[in-house]
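Engineer: Turn these sequences into a full structure, and let the hints steer you where they fit.
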Amino acid sequence: MDFSIKPVYDGEKKRWNVAVTGEVDIFKSSEFKDALIALTEQNAGSLALNCTELQYIDSTGLGALVAVLKRVKSAGGSISLSHLRPNLLKLFKITNLDKVFVIEGDETNE
Amino acid sequence: MNEKYGEPKESIELSLPVNPAYVSAARLTASTIANRMMFDVDEIEDVKAAVSEACAYIIARAVATVHPVLTIVFRIYGDMLGITLTFEGERCDSGVEDMSLIMISGLVDEADVDTTEEAIRLSMLKKHVGVSFGV
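If you read the protein sequences in the order shown, they are chains A and B. Taken in order, the first sequence gives residues 3 to 112; the numbers are from our numbering. Taken in order, the second sequence gives residues 51 to 185; the numbers are from our numbering.
Since the hints were derived computationally from the structure, they do not count as laboratory data. As the structure is a prediction and not an experimental result, all values here were calculated from the model. If a hint is listed, it holds; no wrong ones were tucked in.
Derived pair list, reagent style DSS-like, types lysine-lysine, alpha-carbon separation capped at 27 Å: (1) A:K72 with A:K95; (2) A:K15 with A:K101; (3) A:K92 with B:K177; (4) A:K101 with A:K35; (5) B:K177 with A:K95; (6) A:K35 with A:K92.
Structural biologist: Written out as structure tokens, the structure reads:
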């Protein structure tokens, strides 16, 4: 399965709201990274990723997110993820990346 | 793994090109087998993710030659699933720090990596908590 993103820019909040669908694995992680970076080059700001339809992400996908986060942070922004499936949230916790990204809806981090 | 757990009840072998495009096929096979063993939803997702990470680990270190092959063997030991991934051929250091092994250690009950000049072998074991697979 491939992935797709549906971005909408919120000029007031200076933030891209991005719905991510599909799977981001070693085959597609570079493309995923490039797609998010392209958004930040178009309009600088934060990224809010809606992961309701994100079926799977692997370590290379997480690495892509980290790379994008470095860029976003250098411009004063952040990356948040919402509606992560439990099995994907587990991957963030195993790698401690739940402490690096803002994960919305994760009660254990409150 | 056979030495420790005896002969498996069933073995399933999958050969894939060392190509990221086919990692999803490995995930699908792992999912099918884990489901067949009546693993619960969380366990199935763990197995899928572990196999995917193991593939990524090996692909990052396998030197491309003519038709490089990644072999994945799934061995069913009652209520435990053993998975061994093997690449035989020239290997290299990945050059980058990756999270694959960290993730694998958090997803399965046992994991071991054996690297030689001629091969990379990554073995994992996932135990099912609950009703045994008794076919």
